[in-house]
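Residue numbers (our numbering), protein chains in the order written: chain U, 53 to 191; chain D, 108 to 242.
Hints may contain errors.
Unchecked claim - Cut-off 25 Å, straight-line C-alpha distance, at most; resulting in silico cross-link-like pairs (PhoX-like, lysine-lysine):
(1) Lys156/D x Lys115/U
(2) Lys97/U x Lys185/D
(3) Lys80/U x Lys234/D
(4) Lys207/D x Lys156/D
(5) Lys114/U x Lys80/U
(6) Lys185/D x Lys71/U
(7) Lys207/D x Lys115/U
(8) Lys94/U x Lys71/U
(9) Lys71/U x Lys128/U
(10) Lys97/U x Lys80/U
(11) Lys115/U x Lys150/D
(12) Lys114/U x Lys207/D
(13) Lys154/D x Lys234/D
(14) Lys128/U x Lys231/D
(15) Lys114/U x Lys185/D
(16) Lys150/D x Lys207/D
(17) Lys150/D x Lys80/U
(18) Lys150/D x Lys114/U
(19) Lys128/U x Lys234/D
(20) Lys207/D x Lys185/D
(21) Lys150/D x Lys128/U
(22) Lys156/D x Lys94/U
(23) Lys71/U x Lys207/D
(24) Lys115/U x Lys185/D
(25) Lys114/U x Lys154/D
(26) Lys231/D x Lys115/U
Stated by the list, open to error - Pair by pair, the computed Cβ-Cβ distance ranges are:
(27) Leu99/U x Pro132/D: 29 to 39 Å
(28) Ser180/U x Glu225/D: 42 to 52 Å
(29) Ile119/U x Glu133/D: 22 to 32 Å
Stated by the list, open to error - Covered stretches of chain U, going by a simulated chain D footprint (3 or more residues, C-beta under 8 Å):
(30) 68–78
(31) 87–97
(32) 100–110
(33) 142–150
(34) 154–162
(35) 166–172
(36) 175–188
For the record, the hints were derived by calculation from the structure and aren't laboratory data.
Quantities reported herein were computed from a predicted structural model and do not represent experimental measurements.
Backbone N, C-alpha and C define an ideal beta-carbon position, used for all residues, glycine too.
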Amino acid sequence: MNTPQSDYMLLFRGTNWDKELSPEQLQKVVSDWAAWFERLTKQGKALSGHPLQNEGKIVSGKKGRTIADGPFAESKEAVGGYFYLRVADENEALEIARECPGLEYGAIVEVRPVAEMCTVRARAMEASARSQQLAGATA
Amino acid sequence: MNTPNEPSDYMLLFRGPHWDRGLSPEELRQTLDRVMAWFEGLKDQGKVKAGQPLGPESRMVSGRNGRTVADGPFAESKEAVGGFLQIEANSLDEAVAIAKTFPPLDYGITVEVRPVLEECPCFKRAKEQLALATA
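Chain D extracted, bound-state conformation:
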């Protein structure tokens, strides 16, 4: 479908924060420069809403009243989120096209692209269920 969409926000989650392993200092420096240029380019186009790297420390809170706090198992994992970038794009396809140009993809990182919502899908479900119940 080619209908132009209203711009909306997309979250890019960068997974696998150890993509630099095995790179020579020169390759690494060049890639980091490309990352910076990539980011600046998106900023100049007004597409960046927010974005930060995350530190390696991770705590997982779970259970009733958060009684369990465990160290995240993710620091060394390929799944670990190393940072995020919230961008504005006209469609999921455009957001994916932007994600595809992220330079560290060449070294094994993965980028998760997710539409940002104003309302939680379970909020919506709750409303629908209640509407049904009271209908």
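Chain U with its partners taken away, still in its complex shape:
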């Protein structure tokens, strides 16, 4: 029997929640996190996952003319890392998100479905299908 599978991205938000922890707490959360990822990997549920460095750049503006630094460090919102999951459904993705060892210290996990097509392209295709229907109806 084939279980339906879908891909989800967990984005770990907050790059400052570990600052107040004692070395022992930090050590525990770090090893819990590693064990958590290893288990998910063995179960075939985590396909990849990485932390992101707190340095980085934000590119914006026409032709990317504006290059700004973070801020990615000491932020509640900044993405500190991610897991890429292959699971049955959103509930399973949420269940996994709830196991994140950083949660009790203030980390936030954003759970997002991975899409086949970007929403802009999907909207463009819908719009073009609608105008074709319209053209068909008036033809």
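Position chain D against the provided structure of chain U, taking the given hints into account.
Same frame as chain U, but now just chain D:
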């Protein structure tokens, strides 16, 4: 500094998934074609490691044992991550140069460029602190 670096991975996070608002169908079609060509070009150069768009649904899990699950406030926001691309580049500068050529930048999207690490910075801090404590 011009020292050549080992290639490493960079994550591009595309923020602001509503850049198509206000574009004519023709402009939109052309830009989407340019995005596709941009992506194919990077793939042909062997620079793409992974990449996917994300759906608009978003849940934010927080609190002890994840007791709070809220709908992400991000769907309509300029900050929302609409997709990601993991690329290989020789430096942050090269990754930024690649990000700068992403066509929807002309329409208000922003691209966050972040080095991908093997080990979490807080793992490192924990190790250093423990090393100090046991020294």
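Hints, verified against the model:
no. : hint                            : in the structure
1   : Lys156/D x Lys115/U             : holds, 24 Å
2   : Lys97/U x Lys185/D              : violated, 30 Å
3   : Lys80/U x Lys234/D              : holds, 11 Å
4   : Lys207/D x Lys156/D             : holds, 18 Å
5   : Lys114/U x Lys80/U              : violated, 45 Å
6   : Lys185/D x Lys71/U              : violated, 28 Å
7   : Lys207/D x Lys115/U             : holds, 6 Å
8   : Lys94/U x Lys71/U               : violated, 30 Å
9   : Lys71/U x Lys128/U              : holds, 12 Å
10  : Lys97/U x Lys80/U               : holds, 23 Å
11  : Lys115/U x Lys150/D             : holds, 21 Å
12  : Lys114/U x Lys207/D             : holds, 9 Å
13  : Lys154/D x Lys234/D             : violated, 33 Å
14  : Lys128/U x Lys231/D             : holds, 20 Å
15  : Lys114/U x Lys185/D             : holds, 16 Å
16  : Lys150/D x Lys207/D             : holds, 17 Å
17  : Lys150/D x Lys80/U              : violated, 40 Å
18  : Lys150/D x Lys114/U             : holds, 24 Å
19  : Lys128/U x Lys234/D             : holds, 23 Å
20  : Lys207/D x Lys185/D             : holds, 18 Å
21  : Lys150/D x Lys128/U             : violated, 34 Å
22  : Lys156/D x Lys94/U              : holds, 21 Å
23  : Lys71/U x Lys207/D              : violated, 33 Å
24  : Lys115/U x Lys185/D             : holds, 18 Å
25  : Lys114/U x Lys154/D             : holds, 23 Å
26  : Lys231/D x Lys115/U             : violated, 37 Å
27  : Leu99/U x Pro132/D: 29 to 39 Å  : holds, 36 Å
28  : Ser180/U x Glu225/D: 42 to 52 Å : holds, 43 Å
29  : Ile119/U x Glu133/D: 22 to 32 Å : holds, 30 Å
30  : 68–78                           : holds (count 3)
31  : 87–97                           : violated (count 0)
32  : 100–110                         : holds (count 10)
33  : 142–150                         : holds (count 4)
34  : 154–162                         : holds (count 7)
35  : 166–172                         : holds (count 7)
36  : 175–188                         : holds (count 5)
Hints 2, 5, 6, 8, 13, 17, 21, 23, 26 and 31 from the list above are not met by this structure, while the remaining hints are.
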